[in-house]
Each structure stands twice: as structure tokens, then as C-alpha cells.
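Respectively, the protein sequence lines represent chains A and B.
Here the first sequence is numbered in the working numbering, starting from 3 and rising by one per residue.
Here the second sequence is numbered in the working numbering, starting from 98 and rising by one per residue.
In short, the hints are calculated from the structure, not lab data.
Even for Gly, the Cβ is constructed at its ideal location relative to N, Cα and C.
It is possible that part of the hints are untrue.
[Said to hold, decoys possible] Derived coverage of chain B by chain A (criterion: at least 3 residues anywhere in the stretch with Cβ under 8 Å from a Cβ of chain A; other residues may be distant): (1) 132-140; (2) 143-154; (3) 185-193; (4) 199-208.
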Amino acid sequence: GDSVTQMEGPVTLSEEACLTINCTYTATGYPSLFWYVQYPGEGLQLLLKATKADDKGSNKGFEATYRKETTSFHLEKGSVQVSDSAVYFCALGIIQGAQKLVFGQGTRLTINP
Amino acid sequence: DAMVIQNPRYQVTQFGKPVTLSCSQTLNHNVMYWYQQKSSQAPKLLFHYYDKDFNNEADTPDNFQSRRPNTSFCFLDIRSPGLGDAAMYLCATSERTSSYEQYFGPGTRLTVT
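With the rest of the complex left out, here is chain B (with noise of 0.2 Å):
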């Protein structure tokens, strides 16, 4: 079946120490994006990918980068996490069509210790 695959499921890290979560899809859709979903709150947007081109969010801290080397993978890197990164970070892709609907990933839990 076509997918949005997250890795890992759940990630642990050090305050400070850098951490990369992963994205991988199998829908070969042109856009990827990476929210950031705190306990109990919607989803918000970090930034997004149209084929090669990134767009960033104003309020995105710039702690937080992305990579997009192919249509299939994405990554999240957080230069240095501090204890309020801690968050589900959910992928999605979407494919330009009159809708847009996006495809979300399962989500990477992040622990900061």
C-alpha cells in the first residue's frame, strides 16, 4: 500500500544534542510538510516542500531545518532541542490536484532529557 512512512516511531535526545527524524513516502507526491503537534494542540506547520523548493514558515524557529534529497525522503533536523521541542512531529505530502488532501504520517514522538 501506498504510504507516508515516519522513523523512528519514537526518538529520545539530550538537551542540545542534535536529532534528525525521518520521512519517507511511497505516493510520490511533489509536496512534503513537517508539523509540529504539542499535548493537546492542533498541528502547526514548520515548513513545507514543492518538489525542490522550501518554504518556511515566518514563526518557524531556526533551530529546526529540513532536507528533501529526492521526491521520497524528508528529513527534520533540530540543530539544538531544548525542552520545549518536545512534541509529535508529524509528516505529510499532498500531490497538486484541486484538493490537495494531504497524507500524514504516523509521527515521531520526541523526548527531551
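This is chain A alone, in the form it adopts within the complex (with noise of 0.2 Å):
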């Protein structure tokens, strides 16, 4: 079946260190694919998407590339400050009627001073 693999967490950088968070996929067809992300507290807020292979997904300085060949959606960023400590949810989108959302398991990312 349709399933999303993330990096396990926790992930704890330092400010303005480089980020990168490993999601690959496993589905049938085409499907889209999204990076959500979960302050503390709080529901969850669409970070970027891509909806066919080689786009790329780029919002507030984080980027991921739709890769076909590896399957791949890795998100990031070049320079982490502390507003982006939360939980990252990679996620695939597929259509059955409506979209059904398959999320990774989250990846907690504490970034700090």
C-alpha cells in the first residue's frame, strides 16, 4: 500500500546550522506530495508542496524536490532559526473520490540559541 518513511527524530541543530529531513514514498500512480508542519499545541499548517515530479515546493526558506527516481521528497533549509523548532510531517496525497493524506510518522525539531 500507498506509505511515507520520514527521518526519525528527534533533531536537535543549532541556529542557523543546515537542515535537511530524509521522506521517501512508496505509491501507485502520481501522487502529490506535501510537507506539513505542528507547533506545539496546534493543529497542522501545509509548510510547501509539489505535485509532479521534478517540481520543487519552496515556503519561508525550505525547499523539497519531487524526485521520481528515488522517490523522494527531502526537505530543506539552508539556515534554521529558533521559530522553526516543531514537529515535520512529510505526507503524500493520493485520490480516492477525495484526497486521502498519508503521513510519515513526524520528525521533532528543536533548534536552538
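Take the two lone chains and join them into the complex the hints point to.
See the structure below:
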């Protein structure tokens, strides 16, 4: 079945460090790919998305490229801030009537000043 | 601002006492979803409505029901909450577009005593 595997956390970095959170997926067909972020006590916010192979999603300094050949959608940021501390979920979207999201297990990121 | 609203943000109920969680949206989206998220886990889809068409996930317990009286509102009913139902419940909406992007509410944290 469709699934998403994320790099296990927690991840702790210093401010201004480079970030990569790995995400790979297994899917039949051609899913859309998403990164969602969840701040403590809050719901999920869409961070970025890509709807087809080679698309690059970007937002707030974060980027991820839809790589069909490696079935990956790794999240990257060149210089993290304390305010980036949150849980990050990679997800794929499959259309079964409406869209269904299949989430990875989440990666908790902590940025220290 | 258009948004997804969940009430209450925190709900405490007793073991076996029915409880209803509420979600409303001003986005006029035709799809509404309910997810269950237990501590440190990924959100798990319980069911969704596509307009008035209810779609239950195969592994959603019968204890969980939902109502959608109109486009704007959707309710999650837990008929006899058990201790294992304590979780964050997330409502999301989407429109039938090419990407089916989902917009999440802030969640309701349910405690069962």
C-alpha cells in the first residue's frame, strides 16, 4: 500500500545550521507530496507542496524537490531559526474520490540559540 | 480570514459519556475530514465527507460517528469514549482542485477521565 517513511527524530540543531529531513514514499500512481508543520498545541499547517515529478516546493526558506527516480521529497533549509522548532510531517496525497493524505511518522526539530 | 474553526479547543469527558466535537469552515470547501492524532504519532484519517457523501475508513471503530448538516459544519460524535480515545482530533477541509490541498483547524484535545 501507499506509505511514507521519514527520518527519525528528534533532531536538534544550532541556529543557522543547515537542515535536511529525509522523506521517501511508496505509492501507486502519481501522488502529490506535501510537508506539513505542527507547532506545539496546534493543528497542521501546510509548509510546501509539489504535484508532479521534478517540481520544487518552497516556502519560508524551506525547499523540497519531488524526485520520482528516488521516490523522495527531502525537506531542506539553509539556515534554521529558533522559530523553526516544531514537528514536521511528510505526506503523500492520493485521490480516492476526495484526496486522502498518508503521513509519515513526523520528525521533531529543536533549534537551540 | 477564511479558516477552519474547531470548538472547543480542549474537551474533558468521562469514560463512557458521549461527546461531540465541532468543526466549521468559512472556505466553502466541499470536502471535510476528521483525523485522530495520538501523542507523538501521525494523524490518522477517521472519515471524510465529500459534500453529503460520507466515507468511513475501514479501520475506524463504530464508536466514532460523524454528521454534516450543511457545507459549513461537521461534527464528530464519540458514543462511548474509552481511555484509548484520548487524543487530538483534527478537522480539515479541501476543495476538488488538481492538488486537493487540505487546510487544517487547530484541533480539539480530548481527555477521557
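Which earlier hints turn out false for this structure, listed by number in ascending order? Hints that this structure does not satisfy do not exist here, as all of them hold.
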